[in-house]
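Number of protein chains: 4
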Amino acid sequence: MDKGRLEAFSDGVIAVIITIMVLEMHVPHAPTLQALVEVGPVFLCYVLSFIYIGIYWNNHHHMLHAAQHVNGAVLWANLHLLFWLSLIPFTTGWMGENHFAAIPTALYGVVMLMAAIAYWILQRTLVKAQGPGSLLSKAIGSDVKGKLSPLIYLIAIASVFASPKIADALYAAVALMWLVPDRRIESKFTH
Amino acid sequence: MDKGRLEAFSDGVIAVIITIMVLEMHVPHAPTLQALVEVGPVFLCYVLSFIYIGIYWNNHHHMLHAAQHVNGAVLWANLHLLFWLSLIPFTTGWMGENHFAAIPTALYGVVMLMAAIAYWILQRTLVKAQGPGSLLSKAIGSDVKGKLSPLIYLIAIASVFASPKIADALYAAVALMWLVPDRRIESKFTH
Amino acid sequence: MDKGRLEAFSDGVIAVIITIMVLEMHVPHAPTLQALVEVGPVFLCYVLSFIYIGIYWNNHHHMLHAAQHVNGAVLWANLHLLFWLSLIPFTTGWMGENHFAAIPTALYGVVMLMAAIAYWILQRTLVKAQGPGSLLSKAIGSDVKGKLSPLIYLIAIASVFASPKIADALYAAVALMWLVPDRRIESKFTH
Amino acid sequence: MDKGRLEAFSDGVIAVIITIMVLEMHVPHAPTLQALVEVGPVFLCYVLSFIYIGIYWNNHHHMLHAAQHVNGAVLWANLHLLFWLSLIPFTTGWMGENHFAAIPTALYGVVMLMAAIAYWILQRTLVKAQGPGSLLSKAIGSDVKGKLSPLIYLIAIASVFASPKIADALYAAVALMWLVPDRRIESKFTH
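Chains as they are written, first to last, in the working numbering: chain E, 3 to 193; chain D, 3 to 193; chain W, 3 to 193; chain C, 3 to 193.
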């Protein structure tokens, strides 16, 4: 089966997701600084979601680069991941327009949690498709970040009822954790 | 003629369709669970349509992978399929916003029926372009699912006037039928 | 310079244009046949524009397939064409929402005229980039359709002030003229 | 690491940005010339931004064509550039709808300035990834335009408080400066 077209389709979907998200940042009518400041919360959410989707694209890129075999199960596990990512413009807009209120902030975390689970499923499916002792399974290694992220999302979702600010800080922390260069897969290729 | 660019263009269009559909799920203004629940029907339609478009992408991927020759007729048969698929965001939004009312549910089925017919035409055109005894025609085989789907859509459209719920159940059933791994084309390559 | 990336970018832009056009067909609020009928004119315009953009993609595909050399002038001539094509969702929405009124119908023709001129410029730029006696210049031949189309657009724009229906019929006629398989370039490759 | 997928993803994002921008040009309700004239300022902004994004795509295309090595830092520098480009539909819509008022015109320049800085960072990161004496670093040369543009943006942003028209003229001047064929990288390949 054709890995190239799977990558091309994923790139297309992720490119549209990351870009249409900006449409949720509605152009204000008044030409004033005040009007711009009101867009602030949506902009902050946009930055956060842009980084998250960038991280997913980056990791997706590395993971598929290390993979050699793709089958029907991988196609569906990939579509499952794209489904949850496609909801990010919605949760981003809702959280931003409501200035990080509790329920929208919790939903943002739920979608992130589901996307993280979907990514984990895709990873498992891909590893299985490569057969034992594959380059990919070595490259993934212990996958500490991948195991830690869903846990932090769960804590963030629960913390919303105490204060949404804790959740927002946790979402930012997860993004930062991933932004730190992930040398796992890359290093395996260099050595 | 260039099969690669046909695939790339189709991937692009399908990627945009599957993603802009989420724009029909309007971000609610209130930050309440109640507001989220009201988006429920549109979300359900979105899930259904996402799966349908995923199925089409999957099948399109397999079919073109098995094809070797592409001509002008194939390009137009492909555009014809993309046309009907491009209407899915519209029918999804209409059915969802009106909580699965009769007429929008019927229209959803009509567009699905037309897409199925368009897919069948594309399949015939591709088989013809490969010449006799092609790998593709063997891979397609009896195509039971492809022949059954339009029939079920017709029944669903008619059943709308009894109860739209029957139609919704039938749409879900067709999606499930296709989600079950289709080993036809894949297996031909393995053996 | 890289022909592949020019094709990929054009495919991306054309894929987005052909798909976001459907967003101009606003989902009606009422779940009635009457509400659907009111979308009729926008739908008709959508079909017409979908066919036009399909024709452009098809011809673009063939033309670039026959080309071997691409330079900076070609990149800009291509972007110029994409600019006029990108206005089609706007003119389609305006003509449809106003039920083929005179001014929107004229503007539709103006944008089509500009796109035809832009295509002609791109063709000239590409032929020049190939050098004398190229496969492309032979494949283009006398280009009767390409010379006829702008003339018909001009007549259509002028006829709007008599009756927009004449213009609409002429737009449909041009689309039909191009839909008839264009064997020019294709046949050159076969022989 | 895979240069092809970086190019494909960038092409996808830029293709979506350049095309969804047209959605900020809202279809007027009345079928009159007057209604069309009112869209004029948004149209002018659209033309300007289309050219800017075309320039970025062109330069991005050339720069990556001359590059041979891509690493994790390049992926993120590229996403950083795409982030600022993704804000252009927003600033275009705001400046256009408010008929080139001071604050929106200044914001337009701020985003252009940030995009120029992001492009410069990407260029530095790419050059570093190629190692010393690379084809890319020779091709970039003194990069006069790249150093001049941010300066002009700064002047434009400051001039907004005197008159937004000065800023608009400066934005147009930068676009024109880049439209003049940039033979730097191209010529290095020809010789």
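None of these hints come from the bench; they were simulated from the model.
The reader is advised that the hints may include incorrect statements.
No copy is singled out in the list; a pair is fine if it fits within one copy or between any two copies.
[Stated by the list, open to error] Heads up, simulated DSSO-like pairs for lysine-lysine below, C-alpha to C-alpha not over 27 Å straight-line:
no.: 1; residue 1: K140; residue 2: K167
no.: 2; residue 1: K5; residue 2: K167
no.: 3; residue 1: K5; residue 2: K140
no.: 4; residue 1: K5; residue 2: K147
no.: 5; residue 1: K130; residue 2: K167
no.: 6; residue 1: K167; residue 2: K149
no.: 7; residue 1: K149; residue 2: K130
no.: 8; residue 1: K147; residue 2: K167
Source: prediction; values computed, not measured.
Checked hints:
1. K140 x K167: The answer is neither: 38 Å in one copy and 49 Å across copies each exceed 27 Å.
2. K5 x K167: So K5 and K167 fail the 27 Å test inside a copy (41 Å) and across (39 Å) alike.
3. K5 x K140: Classified as both; 20 Å inside a copy, 23 Å across copies.
4. K5 x K147: both (25 Å within a copy, 26 Å between copies)
5. K130 x K167: neither (39 Å within a copy, 39 Å between copies)
6. K167 x K149: within (23 Å within a copy, 41 Å between copies)
7. K149 x K130: within (18 Å within a copy, 33 Å between copies)
8. K147 x K167: within (22 Å within a copy, 44 Å between copies)
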